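There are 2 protein chains.
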Amino acid sequence: MSTPPEGTRPLAQVDERISRSFAQHLEWVRTFVRQPSTSGEGRGVREMAELVAARLGEVGARAEIVPTPGHPVVYGEIDAGARRTLLLYGMYDVQPVAGEHWSVADPFAAEVVDDHVAGPSVVGRGVYNSKGPLACFLNVLESVQEVHGRLPLNVRFMIEGEEELGSPNLAAFVAERRERLAADAGYFPGFEQDSAGNAVIRLGCKGELFFELVSRGGDWGGPTRRAVHGSTAVWYASPAVRLAQAVASMFSLDQRMVTVEGFRDGAVPPNAEDEELLAALAGRFDPRTQLDTDEVRRFKHDLWGVDLLRVYLYEPSLNVNGIVSGYASEGTKTILPHEAVAKMDVRFVPRMRADEVVRRLREHLDRSGFPDIELRVDHAFPWSKVSAGAAPVRAMVETFRQMGFEPEVWPLQASSAPFYLLTDQLGMPFVTGGLGHGARAHSADEYATVAGMELYEHGAANFLYRLAEILG
Amino acid sequence: MSTPPEGTRPLAQVDERISRSFAQHLEWVRTFVRQPSTSGEGRGVREMAELVAARLGEVGARAEIVPTPGHPVVYGEIDAGARRTLLLYGMYDVQPVAGEHWSVADPFAAEVVDDHVAGPSVVGRGVYNSKGPLACFLNVLESVQEVHGRLPLNVRFMIEGEEELGSPNLAAFVAERRERLAADAGYFPGFEQDSAGNAVIRLGCKGELFFELVSRGGDWGGPTRRAVHGSTAVWYASPAVRLAQAVASMFSLDQRMVTVEGFRDGAVPPNAEDEELLAALAGRFDPRTQLDTDEVRRFKHDLWGVDLLRVYLYEPSLNVNGIVSGYASEGTKTILPHEAVAKMDVRFVPRMRADEVVRRLREHLDRSGFPDIELRVDHAFPWSKVSAGAAPVRAMVETFRQMGFEPEVWPLQASSAPFYLLTDQLGMPFVTGGLGHGARAHSADEYATVAGMELYEHGAANFLYRLAEILG
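As they're listed, the protein sequences go chains A and B. According to numbering that gives the first Met the number 0, the first sequence is numbered sequentially starting from 0. According to numbering that gives the first Met the number 0, the second sequence is numbered sequentially starting from 0.
With the rest of the complex left out, here is chain A (with noise of 0.2 Å):
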């Protein structure tokens, strides 16, 4: 069973063993999901580090969990003995639930939805992000192995428990341990397919800044350790206005705008290989599918095809991911909170720098009259990049054309994740993704298709292989 792979013969067995094992992989998937682990609560992330670790052991790697100042990380390898090595980016946190109203009674129950829209499905909390795709890529290093005693490239393994929260430990433990991540490639596991069955590539992501606006009653006015009773509200300022104000003052009337001077210095423009990305993906992306996905009646920009797609990665983005202040719960309360929080982020662009924006951000609540609004950084990461050519990019176009699917590349992701760690801090080629279907990343009802999850599976056996023939 030790027969090094050549062409497609070996695949064959690989990919009679996954459809054969199926059912106990997804189990697997199930598994993971089951066990909560939302490390903005703090909740079953532990046992859930434990239960990576384990599994991780069961596919034959030697895992350990390494403490951080935040969650650990658990690490691995697998020594195949092979040539070239492959670092396994993945994470086993997810985002909380708080506030959000699922169809399933329990969102950590890893439900199959026979009649789900989408197919057979399973739905729960990281399902799709992102502890689905780390589920099934560790099933198919399994199968693999069972078929072929060994894989075609040596895997070490760097799985954090804080990628919802911003990665706050990962880049000290990245600079702590550069030997012992050293790779030839990098992977992020994922089901990259939309709604449509469209097999989508990333080749990098915005960078991102989470930062929370203060407003607290002092000096200026507004009350200042505590709430008082409503009916001052005509002799007292209100913190809570105040927010409201400074919010509004950063967008135009319809949101098309962000209205900070210089927000978006830095940025530059497409480059020649990212136009030709965005002129080829026009062509095939349906906006309409976006909103449907979504369900969201319009795009805010009157903007259509190569247009949109610019927007849509080249552009910045200023969110409020959540407002409070006083008493919001059922019944009333008359009160002057003395205190109004809005949880925002940006994400930015290349070559956009997280410093940069802070300053402008700082500059434009000074200008707008609300120096005493409170700037309160939480953290950030930079943007990072690959080129279409990357070898792991390579082999996994290859990959989904092998298996019938023309794929979408994307010259960047909306989204944010620490890819910088591999690309720019340990300097290896990097690729994310996979075939598959799920949705619904940090939202109610977050699920992925039974069947793309099989289809996952295949595709990454078929990865495997071809990032071993390119890396040669």
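Please keep in mind that the hints were generated in silico from the structure rather than gathered at the bench. Just so you know, not all the hints are guaranteed correct.
Claimed, not checked - To spell it out: a stretch of chain B is covered by chain A in this simulated footprint if at least three of its residues, at any positions, have a beta carbon under 8 Å from a beta carbon of chain A; those stretches are:
#, stretch
1, 95-101
2, 251-260
3, 290-303
4, 330-337
5, 438-444
Claimed, not checked - Counterexamples of contact, computed for chain B against chain A with all Cβ distances above 10 Å:
#, residue
6, Ser18
7, Glu49
8, Val65
9, Ala104
10, Ala108
11, Val112
12, Asn168
13, Ala171
14, Ala266
15, Pro268
16, His363
17, Gln401
18, Met402
19, Gly403
20, Ala450
21, Glu468
Only a predicted model underlies this, so the values are computations on that prediction, with no experimental measurement involved. The beta-carbon is built from N, C-alpha and C at its ideal position, and this holds for glycine as well.
Since the structure of chain A is already known, use the hints to place chain B on it.
Chain B in isolation, oriented as in the chain A frame:
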């Protein structure tokens, strides 16, 4: 013991009895506070109604718990065989404590804090607003009857459990029981000395309109049914930003002006009696005491003296009680929320009307580009006002003077209560308050001083006899 009261002699005996019984009286206050009765949440409301009815029975009233479509009203009668009747209007519900940061472990423990800044005080929800004053008044009725066998006035009781909800069912209750509520004067108990010891009487109150602004995704843009991933904010408009814009549009930057056109239509200036009272007040009113009590550093208006008072009482206020949208807990969750809600209220002055205010708010939203934002009226009640010459007001003024306090008479109060039901619907003169000091209604660390509660009780006994004399 059935000697009718003459001059102050019978009062001396009552005073002695109150002083002797005060330790038990204080326990009644604490018992009332210890029973949570947050009408907004429905917590403990039934139990509190039963406790009040039981206590009414102990002080000689026939009491019943009358159901309403909401929380019940406790109705009671003491027939003292007197010529004149007092209607005691009270409330047994309190504000919720959610989101407040109390310095005591439990806002419903009714702890006596010996080293309180205002002197030994009971700290707890409702001890000031308004279960403490209610308990004390019932204590007084008990002491008077213990000493003299009967009260100088018949007393009827209407004690509601929805005052903090804006008394949505009390108007119907009153309309159905006009005869059983008939009385020569009305009274609402309260501790109305400020932190400097000034004894305050207020001759009326503003009306109040409770409403919500609800911003949701729709044809105008934005996610319509659930939050979507935060990265899509570059494409989609945000209902949260839109709510911030709508709220901001209603105020000048310095918040001195409500910029809703026609907002104060119908408001009339103070009449001659009011101006006289305002002028008298201005000499005694210390804005610094007000600021210190509320822990606010400045008024939003650059006014002083009578002008500051005139704004306070004769200008309507527009207030944000709370705002909520999206994810605002610990950690980060990058979503574009599909909904944002501001809970707001207007306190309106004589002769403004709630329906007119609603019309103006709606017009403002439509004209300002927010026709999609829902204006959801919760409920409203009108302002009310009595003259300084009304019998119960005179009785209260004389009581204060006899006890050594020259009252501050306010022609109105900035807060709101459904006193119009007594003054306008039942057509009786009315007064609120009494001696004693408490503060922080609707806020953390609500308190009332122990010494003030005893003082209240002596004053309330005095008031009963004075009122009986004046009514003749």
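- Of the hints given before, which are not true for this structure? Violated hints: none at all, because every hint is consistent with the structure.
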